[in-house]
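Novice: Please construct the entire structure, taking both the sequences and the accompanying hints into account.
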Amino acid sequence: MAKEPSPSDPAASIPLAPDRPRPDRTPHVEGIGPFVPYVPKSLKLACTFEVPDNWLATEQQGRGERYQQIILVGPRNAQDTYHAGLTVRITPVGAGGGSYATLEDLIDWRRKQYAQTAGFSELSFREVSVVGPPAKELKWIFQVTLPSAVGPQTVLLKNQLVLFAHQEQLYELSFGADAVEFERYAPAFEHLLQSFQLVPSPQ
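For what it's worth, the working numbering labels the leading residue of the sequence shown as 2, then goes sequentially.
Just so you know, the hints here were simulated from the structure itself, not pulled from any lab data.
Don't be surprised by glycine CBs; every beta carbon is placed ideally from N, CA and C.
Mixed in with the good hints, there may be bad ones.
[To be verified] With a Cα cut of at most 30 Å, we get these calculated DSSO-like pairs of lysine-lysine: (1) 137 - 45; (2) 137 - 42; (3) 45 - 140; (4) 113 - 140; (5) 113 - 137.
[Stated by the list, open to error] Just the calculated beta-carbon pair ranges, DEER-fashion: (6) 65 - 117: 11 to 21 Å; (7) 201 - 149: 38 to 48 Å; (8) 146 - 168: 33 to 43 Å; (9) 153 - 198: 16 to 26 Å; (10) 119 - 201: 19 to 29 Å; (11) 116 - 181: 31 to 41 Å; (12) 181 - 123: 31 to 41 Å; (13) 41 - 114: 39 to 49 Å; (14) 43 - 97: 17 to 27 Å.
Specialist: Quick look at the structure:
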């Protein structure tokens, strides 16, 4: 089955342990508004998390590939070619009709997918803790050519992904931005990870 674009598809901070206290206030970062609980509009999610209230949210459900996905679009970069963005994507395992039998299969596919992009370099791959289940964190950079007011420009992008499995579901939490501005907006992803909680599956 053909794979659909990844959560932070180029065409289209460190997670904290669950016993670390959740932040009571948002550090002031220009372009990141106050954090608010995400309220699904059409999706039935078995998780809760907080997002910047000034980032535009879009919900999607896969067609050829089964998944639920929330994309949050943040500020554009200085070149006006690319938005910083957050994605939460939930996919059933293969036994539940998904395209990936295991978490390892999903990770392998993502690595192969991005390895084909220009200028690709994997920066890190390690085990982390987010909500309890073992999780894997990947960081990489790659180049894309994007349109702009002055013509096509090559932009170096940086992505951070955290992936884990829970109750026959595969979770992908991701953040992507212009590599130059990655650290500026990384607090949005850190807060999403800190606030992320699993809840009973909705009926």
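Novice: All hints are to be evaluated individually against the structure, with a verdict given for each.
Specialist: Hint check results:
As the CA atoms of residue 137 and residue 45 are separated by approximately 24 Å, the hinted pair is consistent with the 30 Å bound. Between residue 137 and residue 42 the CA atoms are separated by roughly 29 Å; this keeps the pair inside 30 Å, and the hint holds. The suggested pairing of residue 45 with residue 140 holds, with an alpha-carbon distance near 29 Å, which does not exceed 30 Å. With a C-alpha separation of about 14 Å, the suggested pair residue 113 and residue 140 falls inside the 30 Å cut-off, and the hint holds.
Taking the CA atoms of residue 113 and residue 137, the gap is near 16 Å; set against the 30 Å cutoff, the hint holds. Remark: the range hint 11 to 21 Å for residue 65 to residue 117 is upheld by a beta-carbon distance near 20 Å. About 46 Å separates the C-beta atoms of residue 201 and residue 149, a value consistent with the hinted range of 38 to 48 Å. Distance hint check: the CB atoms of residue 146 and residue 168 are about 41 Å apart, consistent with the given range 33 to 43 Å.
The given range of 16 to 26 Å is broken by residue 153 and residue 198, whose C-beta atoms sit roughly 42 Å from each other. Between residue 119 and residue 201 the C-beta distance comes to about 44 Å, which lies outside the given range of 19 to 29 Å. Taken as a hint, the range 31 to 41 Å is violated for the pair residue 116 and residue 181, whose Cβ atoms sit roughly 22 Å apart. The given range of 31 to 41 Å is broken by residue 181 and residue 123, whose C-beta atoms sit roughly 19 Å from each other.
Range check, residue 41 to residue 114: about 27 Å between beta-carbon atoms, so the 39 to 49 Å window is missed. About 20 Å separates the C-beta atoms of residue 43 and residue 97, a value consistent with the hinted range of 17 to 27 Å.
Of the numbered hints listed earlier, those contradicted by the structure are 9, 10, 11, 12 and 13.
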